[in-house]
Structures are given as structure tokens and as C-alpha cells.
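The residues making up each chain are set out below.
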Amino acid sequence: MGEKEDEMSIGFIGAGKMAQAMTRGFLASGIVAKERITASAPTSQSIEPIKTFGINVTTNNRTTVQKSKVVVVAVKPNVVPTILKEVSSCVTRDHLVVSIAAGVKLESIEQDLPPETRVVRVMPNTPCLVQNAASVLSTGRWVKNGDGELVKKLMKSVGSCQESSEPILDAVTALSGCGPGYMFMAIDALADGGVKCGLPREMAIQLAAQTMMGAAKMVLETGRHPGQLKDDVCSPGGATIEAMRSEER
Amino acid sequence: SICFLFSPISPPPQSRLIVNFLQTFGINVTTNNRTTVQKSKVVVVAVKPNVVPTILKEVSSCVTRDHLVVSIAAGVKLESIEQDLPPETRVVRVMPNTPCLVQNAASVLSTGRWVKNGDGELVKKLMKSVGSCQESSEPILDAVTALSGCGPGYMFMAIDALADGGVKCGLPREMAIQLAAQTMMGAAKMVLETGRHPGQLKDDVCSPGGATIEAMRSEER
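The listed protein sequences derive, respectively, from chains A and B. Here the working numbering is used: position 212 in the first sequence is 212, and no number is missing along the way. Every position in the second sequence, counted from 1, becomes a number in the working numbering once 249 is added.
Everything labelled a hint here was simulated from the structure, so no lab data went into it. The beta-carbon is built from N, C-alpha and C at its ideal position, and this holds for glycine as well. Incorrect hints may have been included.
DSSO-like mimics (lysine-lysine), calculated; alpha carbons at most 30 Å apart, straight line [what the hints assert, rightly or not]: (1) A:K156 <-> A:K76; (2) B:K377 <-> A:K196; (3) A:K196 <-> A:K67; (4) B:K417 <-> A:K152; (5) B:K417 <-> A:K76; (6) B:K373 <-> A:K196; (7) A:K196 <-> B:K417; (8) A:K196 <-> B:K374; (9) A:K34 <-> A:K152; (10) B:K374 <-> A:K153; (11) B:K417 <-> A:K156; (12) B:K417 <-> A:K105; (13) B:K377 <-> A:K156; (14) B:K297 <-> A:K196.
Footprint (simulated), chain A over chain B, 3 or more residues, beta carbon under 8 Å [as the list claims (entries may be wrong)]: (15) 266 to 277; (16) 351 to 359; (17) 405 to 417; (18) 421 to 433; (19) 438 to 445.
Rough simulated footprint, nothing fancy, chain B against chain A, three-plus residues with beta-carbon under 8 Å [what the hints assert, rightly or not]: (20) 166 to 174; (21) 197 to 208.
Same shape as in the complex, but just chain A (with noise of 0.2 Å):
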């Protein structure tokens, strides 16, 4: 059985910026009031920034895991062997363990904590940080029923979410994980087109990322295959395929 929502309460171990991210989605949301979120970061000054969104917080990791029902790892990943052997002691299986750090198998977190620990591993991408996460979540041994609908419901609120077994992460950490950059690179090259033809550096810009932004958004919105939809833009003899020429080259 899954937790109740009046009975949420959520803690960050890392009050970085997936942290802050994740935070803005479970409250915009509604998910979790303000009140039943903590968060922890090593000095006061860390903890500046997540300290705006009204939630408790504590230099001290133990007290977040103490007040909390759903614990979010948020550190980065070779720190997290030496949190999770800080924090230890006070896990229970009353708690579910949400990691958030790429490439830490769950076994391996299992190992760090108490025998029969609930655990749920996620990894989401960067564009948290605009509530359009890519996020795929893989469940531990000792989930309950429910743990994983409810990390995946936290998730869409930052963006999407689906489940899978672990050794797919690795593969999802390459597409949506590294994805990002690939884009940027795409919107830099396009504006760089677009500038070569004749427009403004800032309009190039953001007609490009719209551009990008909008047949995304048709993909996810009409189901229709990529290919498809290729097809469906590139009129016989016309502009389009004349370029899609140029780059299959």
C-alpha cells in the first residue's frame, strides 16, 4: 500500500539544483504541502537557495531522514556511498529511498543501508530544472505495492516518467541524459544558419529552440512516427526535402 497523501512527507538529502527543481514541481503540483518537505545540505550557505521555497531545512542529513516518509538522495553520485552510511542508523522500513544519482546500481545502495530497505532508483535529465524532465525509474527488491506508482507520480510532476527494469538506465542515461547537449549543439548550429541567412542572432536563437520545442511536441502530442510526420512536412520538390538532402550527406 502505497502512502496517503495527507500522510506525505518528503526530505532531500542535497539541496542542489535537481533538488530545488524537484521541490518547485511537488509543491506546484500539490503533491506535498510545504511544511512536509526538508531538505539537508552540508553548510548553511547550500542550503540558501531551497530555503525560498518555504520548506524546512538542516545542515544535518540525519534530521531529514528522520522527519521524513520518502527520502530523496540528491547528491552527486560519488558522494552518496558516504551519505548513505551516515544516515543508516535511522532508516527504517517505514522509509522509501528515492536515488536520484546516475549510474549508482540499487544493489549497491541496498548494500549501504539497513537489510530490506525500500529503494527506488530515477533518472531524470536537466530539463528538471523546467519542469520537463525525461525521467525512467527502476524498483528495488524490497519495494512495497505502490512504492513505485508514487515516485512516478512525484516525477510527473517535473516532467514524464516511466518505469523499467535497471539495466535499461544505463541506455537512458545515454539518450536523455547526455540528450541535452546533443540539442544545444542543434540550436547553437541552427541560429548559426539562421544568422548566415539573414537573421538576428536572438531571433535566430529562439526561433530555433521553438522550432525544436514544437516538433517535439507534435511527436509526443500526435503519437504519429517521426518518419511520418518528416513526410508530412517535405512537399514534392519543395524547400524542406531539398535540405533534408544536404544533411543525410
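Starting from the structure of chain A, add chain B where the hints point.
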């Protein structure tokens, strides 16, 4: 009040289908283009470019200085539209793009010689209801066509290619397409909403010695 002009060249059964579809929006519908001009202050010419001259000649005698004619026909110049209508007709030309279909167009407009104060702003406001809209001089519209007009085609190809990569690495096809499209949408949104330079955003996601910068290297080849 706004009206949309039909091409009279569609065979009657297809016109009827279109009329039926439009009626589901609850708007006024007719197969008579002159009627729609007479009933409207803003007239959107939404037919294929090659049909525009025919349409304009058909309705020209109904068009007055009270009308604002908005053309979305790619490649049809303001001068050509103005020539097919009465002298001093107010015309605005907009280049939208296909994602208009999901309310996410990237549009640019240019105003004709005889527009009144506020005509450009009005059209911009209308187009913003289906995406973004900026104003520019007319010569720029060809470059806009290349970028935002043809752009979606490149993007669909990119999504397809990325999805192929995902499938190669073991993802189910549907998931790969969804992740590729969602990732593309998220990245674009970051450029639009953070106002940071795309190059800077790219730097931000490439941690030293990490997976992303390695992939960059492959892609640059």
C-alpha cells in the same frame, strides 16, 4: 470577427468534410468566400500559396479599408497580395510553422505598406495564441522559412535517429521515441526559459571526463 477563406477548388465531398469538421468548433461556416469576407474584420488567407491569387481576385470587390487581411501563405510576398486587392488594403503576412497544430508555432510577421497603427500588434496577439510570434522586415521571411518552416523536418529526423540509438542500446522503440522527444522538448524549453546561451547550457551539462562530452566528440566528427 475573423473568417477563414476556403479554396473553391476542393471537390464538393471534401469541402463538406471540412465544413463538418469546422462546425464542431461552433463557428460560422460557409462555402462562399465572399460571405466570410463580408462578415469579418480580420480575414485570414489560409489556402495553399498557388491558390492565393485566385482567391484574392474572387473576394477583392468585397474588401475595404475596414478589413485587415492576414496571409499565412509561405513565399507569397506582401506586394503581390496588395496588387490583387483594392488600393491601400491593410495586409499583414505571417510565416508560422507546422507545430501550430499543437499550439507551439514559431511565427514571424511583416506588415504591409498600408496597415494602421496596431495592426501588427493585433496579429501578433492572435498568433501568440498558437505559439510564439515576432515581427520583422519582409526580406527576412525567407530565412525564417528555412529555419522554422523547414526546421521541424530536421527535428523529426533527429528524434528518429536518437530513438534508433536508444533501441541499439536496448530500449524498447516506444520508450526510445518518447524519451528522445521529451528530451528534445526539455532542452528547447531550457533555452527559451533560462535565456542562457545554448553553448553555455551545453557546457553546463558536460561534466569533466563524463559521458556527455565523450558523445559530443563523436558527434562533432
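Structure-based check of each hint:
no. : hint              : result
1   : A:K156 <-> A:K76  : holds (22 Å)
2   : B:K377 <-> A:K196 : holds (26 Å)
3   : A:K196 <-> A:K67  : violated (57 Å)
4   : B:K417 <-> A:K152 : holds (25 Å)
5   : B:K417 <-> A:K76  : holds (28 Å)
6   : B:K373 <-> A:K196 : holds (26 Å)
7   : A:K196 <-> B:K417 : violated (36 Å)
8   : A:K196 <-> B:K374 : holds (29 Å)
9   : A:K34 <-> A:K152  : holds (20 Å)
10  : B:K374 <-> A:K153 : violated (35 Å)
11  : B:K417 <-> A:K156 : holds (26 Å)
12  : B:K417 <-> A:K105 : holds (22 Å)
13  : B:K377 <-> A:K156 : holds (27 Å)
14  : B:K297 <-> A:K196 : holds (28 Å)
15  : 266 to 277        : violated (count 0)
16  : 351 to 359        : holds (count 5)
17  : 405 to 417        : holds (count 9)
18  : 421 to 433        : holds (count 10)
19  : 438 to 445        : holds (count 6)
20  : 166 to 174        : holds (count 7)
21  : 197 to 208        : holds (count 9)
When each numbered hint is compared with the structure, violations occur for hints 3, 7, 10 and 15.
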